[in-house]
Amino acid sequence: MATEAMEQLARREYKQGFVTDIESDTVPPGLDESVIAFISQKKGEPQWMLDWRLEAYHQWLKMTSPSWAHLDYPPIDYQAISYFSAPKKPEDRPQSLDEVDPKLLETYEKLGIPLHERAALAGVAVDAVFDSVSVTTTFREKLAEAGVIFCSISEAIREYPELVRQYLGTVVPQGDNYFAALNSAVFTDGSFVYIPEGVTCPMELSTYFRINAANTGQFERTLIVCDKRAQVSYLEGCTAPQRDENQLHAAVVELVALEDAYIKYSTVQNWYPGDEDGKGGIYNFVTKRGDCRGDRSRISWTQVETGSAITWKYPSCLLRGNESKGEFYSVAVTNGRQQADTGTKMIHIGKNTSSTIVSKGIAAGKSNQSYRGLVKVSPRATGSRNFTQCDSLLIGDKCGAHTFPYQEIGNSRSTIEHEATTSKIGDDQLFYCKSRGISEEDAVSMIVNGFCKDVFQELPMEFAVEAEALLSVTLEGSVG
Amino acid sequence: MSLPETLMKRLHAAPAGEPEWLTEKRRAGASYFETVGFPTRRDEAWKYTDMSRFSDLEFGQADNAELDQASYDALKLDIDACRLVFVDGLFNAELSDLDSMPEGVAITPLSQALKSDQPAVSEQLGHLTGIDFSAFSALNTALTGEGAIVTIGKRQAVEKPIYLLFISRNNAAPVMSHPRILVNCDTESEATLIEHYAGEQGAANLTNVVTEIEMAPASRLSHYKLQEASQSEYHVASIQVDQKRDTNFISHNLNLGGAVVRNDLVSDLNDENATVDLLGLFFGQDRQHIDNHTKVNHNAPRTYSNENYKGILDGRARGVFNGRVYIKRDAQQVLGYQNNANLLLSDRAEIDTKPELEIYADDVQCSHGTTTGQLDENAIFALRARGIDEQMARGLLTLAFANEVMERIHHRVLTDRVERAVAGKLPDRFNLESLVEDTSL
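Chains as they are written, first to last, in this note's numbering: chain A, 1 to 480; chain B, 1 to 441.
Note that these hints are calculated values from the structure, not bench results.
There could be a bad hint or two in this list.
Per the computed footprint, the stretches of chain B lying under chain A, defined by three or more beta-carbons under 8 Å from a beta-carbon of chain A, are [what the hints assert, rightly or not]:
hint : segment
1    : 85–98
2    : 320–332
3    : 350–362
4    : 368–376
In silico BS3-like pairs for lysine-lysine, Cα to Cα no more than 30 Å straight-line [said to hold, decoys possible]:
hint : chain 1 : residue 1 : chain 2 : residue 2
5    : A       : K351      : B       : K25
6    : A       : K376      : A       : K453
7    : B       : K47       : A       : K62
Every residue gets a Cβ at the ideal spot worked out from N, C-alpha and C, and that includes glycine.
Work the whole structure out from these sequences, hints included.
Put into structure tokens, the structure is as follows:
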């Protein structure tokens with residue numbers, strides 16, 4: 001039996017748990033208007049931005065934390081969180097890698113992401129977010145040549161206010177949900193991408209997020225706008241150091257695709273999931289939504305979720321343009337006492353819109369995992385098409401896997417299909433491999449990789465390698 | 001939430017001369033109902049079916065069970081069975097047929113059983129549903145007075161079906177009824193139970209029925225629920241089944257009538273090798289609203305469930321399907337399968353479907369699938385190319401879609417009735433009679 005191997009897998013250690021000691025410019029815990037004003041001032045924001053934040057804050061005050069998800073966690077004390085933390089000396093930011101704090105570079109080294117090497121070899125521009133403030137941005141010139149804007153959201157608010165004002169909050173309004181409202185009030189950083197009409201972004205864009213200072217919630221705000229016939233592939237990856245206190249993360253990602261535009265958004269999330277008893281670990285409450293605003297536009301979400309104590313995340317697509325396309329490919333692995341409630345929403349509004357959902361969940365240890373999805377076809381979205389497949393794999397008899405797909409179909413000229421399966425790794429599959437001389441651990445690894453293949457092949461090359469490595473690391477424990 | 005005054009009064013006026021245990025249960029039901037009120041769309045389980053409208057509706061209570069023969073003949077199933085007939089919730093002894101009761105079966109109208117205070121009633125009433133199964137079941141507990149108590153004896157295989165017919169009249173003022181059906185299948189027994197809900201044209205009453213079925217080890221029960229009430233009738237049904245070792249429960253949930261219909265069907269598989277088959281068919285037209293909620297609780301290892309619900313929606317009808325398969329921790333080697341297929345015949349029809357899996361054991365095989373779509377244009381073309389006109393082709397294909405559920409009905413009279421009812425809902429030019437003659441079926 002594979003039980004022992006499975007149990008070892010469930011006990012795997014978080015390999016990337018370490019803390020970088022950099023003095024932070026942190027506000028005392030708590031949230032009120034003055035904190036928001038402080039953040040806004042620190043960021044050198046114009047008045048309209050502060051007003052926007054305050055408006056969000058007032059909406060947030062009237063809202064209550066959602067309780068419908070299949071999650072169990074103690075109430076969060078929002079007054080115990082510090083809402084701003086930035087590395088020292090924000091005024092004189094490093095101009096090149098040489099000027100970057102060596103400790104920071106070391107952090108990246110430990111993560112196995114040598115910034116310069118990676119950027120040079122892989123041709124990836126990296127906008128590294130370290131504790132809320134973008135520290136370094138590479139390949140700016142090359143992107144500028146193509147007319148692509150890729151910078152931190154704070155910089156965009158200062159440099160391109162008209163663009164930001166035009167699109168910010170149009171996909172995820174301030175009062176969209178509890179966590180989005182909180183984010184709108186206190187977001188400290190994130191990325192802004194604008195791809196002008198007809199431009200295919202010359203390289204894959206990537207941001208590495210990293211949570212550092214203890215007790216500091218991270219509130220990124222990412223906005224990606226793809227103008228007509230433009231294309232971009234955006235990569236987001238996350239790791240966080242080991243902590244005992246729960247860290248709150250409530251990011252908002254907004255994507256806007258105009259006519260014939262294509263945005264591909266890929267995520268590998270490997271935040272600290274807490275220890276064996278579920279102590280510590282990141283609370284990850286994310287609102288991600290793409291708006292296929294133009295006809296024939298396409299937005300594709302791919303995510304590999306292996307971290308966080310709590311994941312509450314539903315990357316969605318609003319298919320407003322006719323013949324627009326939404327895709328969602330997800331692998332979620334939960335272990336220990338992790339809890340994940342994740343899925344997607346596909347809202348078909350335009351005619352002849354199509355969406356594909358492939359979700360693979362692997363639950364091990366004492367974790368619980370839910371797929372929660374909505375496919376809504378409005379009466380005027382005739383000729384729409386959806387295919388959904390969600391499969392769950394259970395490893396061990398203490399975990400849980402759940403599926404809650406909602407479908408609301410409002411016209412008779414659309415075709416909607418949904419399939420879901422839940423099972424464990426078959427004893428006969430394992431026996432088949434073992435009878436051919438493959439060790440049990442290798443067999444488990446092979447079968448799990450095969451299970452996730454549909455999603456991995458959607459990832460950009462670099463990420464696919466990383467994701468597979470991540471899975472191997474996950475399974476390494478089972479070899480002993 | 002404010003509740004209608006007449007309803008409040010009735011909730012607090014327990015009928016005199018009743019056994020104490022019943023008065024207590026009624027009180028508990030009434031107080032639970034008062035606390036929660038009629039469900040609104042804020043309740044997750046009622047997200048797609050707004051019942052708050054009942055707060056504004058007034059329902060009286062029937063004072064007699066008279067029914068004219070013509071109505072009765074038109075509505076009843078012509079079936080050789082042990083028959084109990086209820087009119088607007090009241091028992092009609094004349095129309096019932098309890099004389100030729102087969103051996104090993106005991107069927108008593110609930111009112112009679114209550115009068116003689118049979119101990120079985122106090123044991124069974126609310127035993128499975130408790131007080132808090134739903135707001136409607138609590139309302140039923142508070143107000144019920146009629147229904148049936150059915151007992152199938154040990155090792156008895158009852159061939160004659162047990163037929164409970166509930167007829168809703170077209171009253172001047174709408175009435176509400178709260179029938180309670182208590183079924184007890186003893187060890188190794190086998191029986192068929194038909195619950196049939198029919199109504200006169202224009203009947204706009206509320207029928208709020210609760211059925212509790214206890215199945216002792218190795219018993220088998222085929223349960224048919226044929227609901228073909230008038231298109232202005234409100235129908236709410238709560239069914240709770242408790243299955244012991246080696247039991248087999250087959251449910252046929254056939255919904256063709258009603259303005260607003262809600263079925264809650266829960267089966268608890270409490271011991272090994274308990275098997276449940278849930279078959280459902282619903283066909284909504286005009287502004288009909290049909291909501292089916294099912295839940296299978298695999299509470300023990302090696303239990304099996306299989307579910308297949310098919311929905312057809314035309315006009316501005318709205319269908320809801322919510323099926324949940326729950327597997328308890330350590331309930332290993334369970335098989336659970338769930339399918340829901342829907343056919344939308346009109347652009348103004350809507351289906352909201354949600355098949356759920358909630359699984360806490362790893363050595364299981366579970367899957368579900370749902371589809372929503374329309375008739376295959378290629379199939380229509382193929383039939384037309386063979387000289388069958390378009391309406392007929394559409395009708396045939398729709399009938400074929402429903403057939404997967406209909407063919408599992410093992411009673412000729414029932415099959416016929418359902419087939420005709422489905423055909424009757426198809427466009428005018430579709431004529432099943434001529435088809436039957438043509439092929440001399």
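To test your reading of the hints: which numbers does this structure violate?
Hints 1 and 5 contradicted; others consistent.
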